[in-house]
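A.B. asks: All chains, full assembly: derive it from the sequences and hints.
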Amino acid sequence: MNTKKLALLALLVSIVSPVAQAQIKHIEMRVEGMT
Amino acid sequence: MKQHLGRQSGVQTVEVSLRDGKVEVTPKEDGQIDPAQLLKATYDSGVTAAEMDMTARGKIVKDSSGSLALQVEPNRSFALSPNELSKGLEVLADTQTVVTVRGQLYKKPAGKKKADPSVPLNLLILEVQKKE
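Top to bottom, those sequences are chains E and A. As numbered in our numbering, residues 1139 to 1173 make up the first sequence, in order. As numbered in our numbering, residues 135 to 266 make up the second sequence, in order.
Derived from the structure by calculation, the hints contain no laboratory data. Predicted model only: the values in this text are computed from it and were never measured. Please note that the accuracy of each hint is not assured.
[Said to hold, decoys possible] Subject to a maximum C-alpha distance of 20 Å in a straight line, what follows is the list of computed SDA-like cross-link-like pairs (lysine to any residue):
1) A:K136 x E:H1164
2) A:K241 x E:E1170
3) A:K156 x A:R141
4) A:K241 x E:R1168
5) A:K156 x E:G1171
6) A:K196 x E:R1168
7) A:K242 x E:Q1161
8) A:K241 x E:L1147
9) A:K242 x E:G1171
10) E:K1163 x A:N209
11) A:K136 x E:E1166
C.D. replies: Encoded structure:
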């Protein structure tokens, strides 16, 4: 039973983790009219 | 403008270079920042955004119409403007591969004096930095 739960957990982590690592790292803007 | 942008959710630091007309925004660790909101905040502070570039890490996904997008959060993705680099990423669509790309999210339309912050933000990939 525990093995099944662990396998399911490992599967969920492998599916979710790449998206969890995804993110916006940097934004740069060029602007006009700034004083 | 620096204070105005700094108040937006997900923003950690804002660096403004008056000489170059450049604004650099570093998101917080969680990376939960909304570029469209930043564009609007820039517009609201009385400054015109001419261009917005973004470096982001995410998965390439295909939407229901078959168009490619970069998914940076479970509920946020940016449609990719087709170019040679986006074509090269098509094979990674809906796989577990995570890519880091730099691209242009917004460019003020030529001939327009004022930016339109309400336009949908599509990502034109300029550089693929990493595939994992």
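A.B. asks: Measure nothing beyond the straight line between the CA atoms of K242 (chain A) and G1171 (chain E); if it is 20 Å or shorter, mark the hint as holding.
C.D. replies: holds, 13 Å
A.B. asks: Check whether the Cα positions of K156 (chain A) and R141 (chain A) lie no farther apart than 20 Å.
C.D. replies: Measuring from Cα to Cα gives roughly 18 Å; hence the hint holds.
A.B. asks: Given the hint that K241 (chain A) pairs with L1147 (chain E), test it: the Cα-Cα distance must not exceed 20 Å.
C.D. replies: With Cα atoms ~43 Å apart, K241 (chain A) and L1147 (chain E) exceed 20 Å; violated.
A.B. asks: With a cut-off of 20 Å on the C-alpha distance, tell me whether K242 (chain A) and Q1161 (chain E) pass.
C.D. replies: Violated, at about 25 Å.
A.B. asks: Please verify whether K196 (chain A) and R1168 (chain E) have alpha carbons no more than 20 Å apart.
C.D. replies: The given pair, whose Cα atoms are some 30 Å apart, is violated under the 20 Å limit.
A.B. asks: Would the pair K136 (chain A) and E1166 (chain E) pass a check requiring their Cα atoms to be no farther apart than 20 Å?
C.D. replies: holds, 13 Å
A.B. asks: Quick one, are K1163 (chain E) and N209 (chain A) close enough, alpha carbons at most 20 Å?
C.D. replies: holds, 17 Å
A.B. asks: Hey, K136 (chain A) versus H1164 (chain E), does the alpha-carbon distance stay inside 20 Å?
C.D. replies: holds, 16 Å
A.B. asks: Tell me if the straight-line CA distance from K156 (chain A) to G1171 (chain E) falls inside 20 Å.
C.D. replies: It holds: about 11 Å lies between the C-alpha atoms, which stays within 20 Å.
A.B. asks: Within 20 Å, alpha carbon to alpha carbon, are K241 (chain A) and R1168 (chain E)?
C.D. replies: The hint holds at about 9 Å.
A.B. asks: Given the hint that K241 (chain A) pairs with E1170 (chain E), does the C-alpha gap stay at or below 20 Å?
C.D. replies: Distance of about 12 Å is within 20 Å: holds.
Checked against the numbered hints above, the structure violates hints 6, 7, 8; every other hint is satisfied.
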